[in-house]
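Q: Read off the chains here:
2 protein chains.
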Amino acid sequence: MVRLAPEERRREARAARAAYRAGRRGPTSGVAPGMTQANLVAVPADWAFDVLLYAQRNPRACPVLDVLEAGRVESALAPGSDVRTDLPAYLVFRDGVVVEEVPDATGYWDDLVTLLIGCSFTFETPLLAAGIPVRHQELGRNVPMYRTDRPCAPAGRLRGDLVVSMRPVPADRVADAVAITGRFPAVHGAPVHVGDPAALGIASLDSPDFGDPPVVRDGEVPVFWACGVTPQAALFASRPPFAVTHAPGHMFVTDVLDSEYDVTGVS
Amino acid sequence: MVRLAPEERRREARAARAAYRAGRRGPTSGVAPGMTQANLVAVPADWAFDVLLYAQRNPRACPVLDVLEAGRVESALAPGSDVRTDLPAYLVFRDGVVVEEVPDATGYWDDLVTLLIGCSFTFETPLLAAGIPVRHQELGRNVPMYRTDRPCAPAGRLRGDLVVSMRPVPADRVADAVAITGRFPAVHGAPVHVGDPAALGIASLDSPDFGDPPVVRDGEVPVFWACGVTPQAALFASRPPFAVTHAPGHMFVTDVLDSEYDVTGVS
Chain A
1 MVRLAPEERR REARAARAAY RAGRRGPTSG VAPGMTQANL VAVPADWAFD
51 VLLYAQRNPR ACPVLDVLEA GRVESALAPG SDVRTDLPAY LVFRDGVVVE
101 EVPDATGYWD DLVTLLIGCS FTFETPLLAA GIPVRHQELG RNVPMYRTDR
151 PCAPAGRLRG DLVVSMRPVP ADRVADAVAI TGRFPAVHGA PVHVGDPAAL
201 GIASLDSPDF GDPPVVRDGE VPVFWACGVT PQAALFASRP PFAVTHAPGH
251 MFVTDVLDSE YDVTGVS
Chain B
1 MVRLAPEERR REARAARAAY RAGRRGPTSG VAPGMTQANL VAVPADWAFD
51 VLLYAQRNPR ACPVLDVLEA GRVESALAPG SDVRTDLPAY LVFRDGVVVE
101 EVPDATGYWD DLVTLLIGCS FTFETPLLAA GIPVRHQELG RNVPMYRTDR
151 PCAPAGRLRG DLVVSMRPVP ADRVADAVAI TGRFPAVHGA PVHVGDPAAL
201 GIASLDSPDF GDPPVVRDGE VPVFWACGVT PQAALFASRP PFAVTHAPGH
251 MFVTDVLDSE YDVTGVS
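Chains A and B are the protein sequences, given in the same order.
For what it's worth, the working numbering labels the leading residue of the first sequence as 1, then goes sequentially.
For what it's worth, the working numbering labels the leading residue of the second sequence as 1, then goes sequentially.
Just so you know, these hints were derived from the structure itself, not from any lab.
Incorrect hints may have been included.
To be verified - Quick list of the computed label-pair ranges, beta carbon to beta carbon:
1) Asp209/B <-> Arg72/A: 54 to 60 Å
2) Val266/A <-> Thr264/B: 15 to 21 Å
3) Asp172/B <-> Glu12/A: 48 to 54 Å
4) Pro44/A <-> Pro241/B: 18 to 24 Å
For every residue, glycine included, the Cβ atom is placed at its ideal position computed from N, Cα and C.
Assemble the whole structure, with the sequences as input and the hints as a guide.
A: This is how it looks when you write it as structure tokens:
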């Protein structure tokens with residue numbers, strides 16, 4: 001695996017955002033390898049405290065990377081960015097229901113406060129660098145994501161269950177995958193669960209709630225990480241009048257190197 | 001130094017809160033050794049997002065330990081507590097000015113959202129256990145605290161400069177003090193500065209902005225830690241219509257052992 005120099009990686013990130021702004025679609029796993037990716041949730045100012053507190057109380061699922069006050073659309077994580085246009089797809093929520101999926105959310109950003117939350121796509125590059133396969137990238141699919149029966153800590157009017165992403169990992173590499181991802185708590189860190197979907201209330205791996213179905217091969221174990229779609233589960237459950245999020249798997253690609261979130265400094 | 005068993009330490013914390021509720025006054029350094037202490041800042045719901053975001057963006061000065069939504073007065077850090085009465089003294093702010101210091105703030109808590117922020121008094125017990133003197137405790141004084149010229153990251157309508165606490169440390173123990181306090185990021189962690197008050201914009205150590213003047217002995221170095229009075233500096237600078245805080249040095253004594261915030265698990 002060739003690892004580009006930082007400046008080339010940043011150039012790829014900027015190019016990706018420009019392409020999404022111009023209308024390109026598709027999930028972002030594997031895009032601009034080595035760069036940090038982020039989930040997005042934007043709510044009216046009246047709900048911003050509840051969402052920020054929900055993130056604060058559930059840091060494994062909702063590690064906050066940046067917050068844009070109402071009226072701001074450029075993230076400090078990516079100079080020149082516009083969070084209304086630079087993601088490949090957005091979901092529009094009204095009263096806890098997705099009413100629309102749009103490639104450009106400019107029309108919706110009147111008084112929205114935006115939270116950017118770390119995404120596990122970020123640590124896929126170090127996993128690949130260690131020779132651990134990332135199946136959904138191999139297959140050109142979106143990562144499978146599942147709603148669990150594990151309640152998050154409520155905050156204000158918000159409550160909801162944890163959402164997880166799943167990657168099948170060869171049994172003899174699970175420990176390595178835990179160690180590697182554990183170095184990156186800002187993008188969900190170590191897995192929350194290894195091996196038994198039923199223990200999380202997941203009825204069938206073949207029917208993810210978001211993203212594409214997985215392919216788990218013989219000798220592989222399903223490994224589950226907390227997922228930044230967790231705030232969307234809280235929107236479903238708590239029904240704020242309005243919100244905009246990224247479409248699951250369709251992330252904000254930032255200019256921040258993944259290594260900047262490695263708490264061990266190993267990267 | 002005798003270290004009490006956890007249940008005895010919790011009993012001391014509960015007894016301290018009960019005494020403050022009944023009217024006892026005085027700073028809390030050295031009270032209920034081995035227990036976590038917290039700063040308090042409470043604002044109307046309309047300002048809660050700004051304060052929480054200010055804390056989020058300035059985690060060294062404002063590490064959030066607990067947040068109580070409007071209408072709540074019992075902290076999860078101390079079952080049975082009442083944050084309106086269980087601190088020895090409170091400051092009442094109107095339009096960025098302290099208008100009153102009160103021993104009981106019950107009358108003010110209509111719709112206030114309360115943040116509890118880690119306090120460096122917490123790591124004084126491990127410092128003492130390592131044989132590092134804590135001068136203000138020796139002298140029965142409040143810790144000296146200073147406004148600096150270092151701006152914090154603004155958030156919403158809030159801006160302000162960093163406030164620091166200072167402890168004189170024997171030069172040959174400064175490295176130990178750094179290592180010990182660095183294990184406790186939730187109560188401000190390692191010092192932000194060692195040795196030169198002028199570099200922080202502090203004109204004279206003898207004239208602290210809060211607390212009591214220090215006594216620095218020959219061979220001792222002034223060591224500065226980020227302080228949970230930092231939100232009060234933001235209230236002065238940003239003038240929200242109303243707020244209540246603890247009086248500097250007069251903290252909320254919790255039922256949480258200091259060891260629970262030791263990220264190394266050494267305690």
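Q: All hints, please: hold or fail.
A: Taking the hints in turn, this is what the structure says about them:
no.: 1; hint: Asp209/B <-> Arg72/A: 54 to 60 Å; result: violated (33 Å)
no.: 2; hint: Val266/A <-> Thr264/B: 15 to 21 Å; result: holds (18 Å)
no.: 3; hint: Asp172/B <-> Glu12/A: 48 to 54 Å; result: holds (51 Å)
no.: 4; hint: Pro44/A <-> Pro241/B: 18 to 24 Å; result: holds (22 Å)
When the structure is compared with the earlier hints, a violation turns up for hint 1 alone.
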